[in-house]
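Take 2 as the starting number for the sequence shown in this note's numbering and just add one per residue.
What the hints contain is simulated information worked out from the structure, not anything from laboratory work.
Do not rely on the hints blindly, as some may be mistaken.
[To be verified] Below, computed lysine-lysine pairings styled on DSSO-like, alpha-carbon distance capped at 27 Å: (1) Lys111 x Lys10; (2) Lys148 x Lys123; (3) Lys111 x Lys148; (4) Lys123 x Lys10; (5) Lys10 x Lys22; (6) Lys22 x Lys123; (7) Lys111 x Lys123; (8) Lys148 x Lys71; (9) Lys10 x Lys71; (10) Lys71 x Lys123; (11) Lys10 x Lys148.
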Amino acid sequence: NTASEQIRKELSALPQWRTAKVIALFHPLPTEPDCLPSDFSSATYCFPQVLENGLRFHSVDSVEFLVVGKWGIHSPNEALHPVIDPANISLVLVPGLAFDESGGRMGRGKAFYDHTLGTILKNAYKIGVCFACQMVDQVPAEPHDIKVDRVIYA
């Protein structure tokens with residue numbers, strides 16, 4: 002859709018996007034913007050696999066090999082996609098139900114992203130992506146909530 006296209010255009014113009022060698026993406030649920038690149042050759046892209054205590058990222062060079070897993074989330078097939086060392090991920094796109102201008106984020110309640118962003122991805126540049134209707138004045142925050150560095154929406 003047009004909003005997703007605008008978000009992809011804004012992402013591709015960011016210096017952090019252009020210089021990132023390893024980018025963590027997510028396959029969108031129906032209520033999330035589609036930020037998947039049209040060309041998977043410009044960087045190493047990885048997608049999360051949901052684990053009990055957070056996320057593990059696997060290198061993926063085409064979304065056609067993702068499989069629908071828990072909660073309807075498209076995830077890497079462990080047998081086909083190598084695990085990425087999270088220290089190599091320099092940029093991560095973060096989904097959410099709501100965001101605010103200060104980087105506050107409301108997830109889906111399981112804290113998978115909060116746990117992962119606060120530990121293994123704490124040095125990555127975090128970009129929240131959403132539709133304009135998901136922007137709110139202030140997201141309620143708890144001590145374990147991790148803010149994103151920037152929010153891009155359309």
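Hint check results:
For the hint pairing lysine 111 with lysine 10, the CA-to-CA distance comes to about 30 Å; that exceeds 27 Å, so the pair is violated. Restraint check for lysine 148 and lysine 123: satisfied, since their Cα atoms lie roughly 10 Å apart, inside the 27 Å limit. With a C-alpha separation of about 16 Å, the suggested pair lysine 111 and lysine 148 falls inside the 27 Å cut-off, and the hint holds. For the suggested pair lysine 123 and lysine 10, the alpha carbons sit about 25 Å apart, so the restraint of at most 27 Å is met.
Of the pairs offered as hints, the one joining lysine 10 and lysine 22 holds, with about 18 Å between alpha carbons and a cut-off of 27 Å not exceeded. With a C-alpha separation of about 17 Å, the suggested pair lysine 22 and lysine 123 falls inside the 27 Å cut-off, and the hint holds. The suggested pairing of lysine 111 with lysine 123 holds, with an alpha-carbon distance near 18 Å, which does not exceed 27 Å. Under the criterion of a C-alpha separation no larger than 27 Å, the hint pairing lysine 148 with lysine 71 is consistent with the structure, at around 25 Å.
Annotation: proposed proximity of lysine 10 to lysine 71 is violated, straight-line Cα distance about 30 Å (limit 27 Å). Between lysine 71 and lysine 123 the alpha-carbon distance is near 25 Å, which keeps this suggested pair within the 27 Å criterion. As the CA atoms of lysine 10 and lysine 148 are separated by approximately 23 Å, the hinted pair is consistent with the 27 Å bound.
Violation of the numbered hints given earlier is confined to hints 1, 9; the remaining hints are satisfied by the structure.
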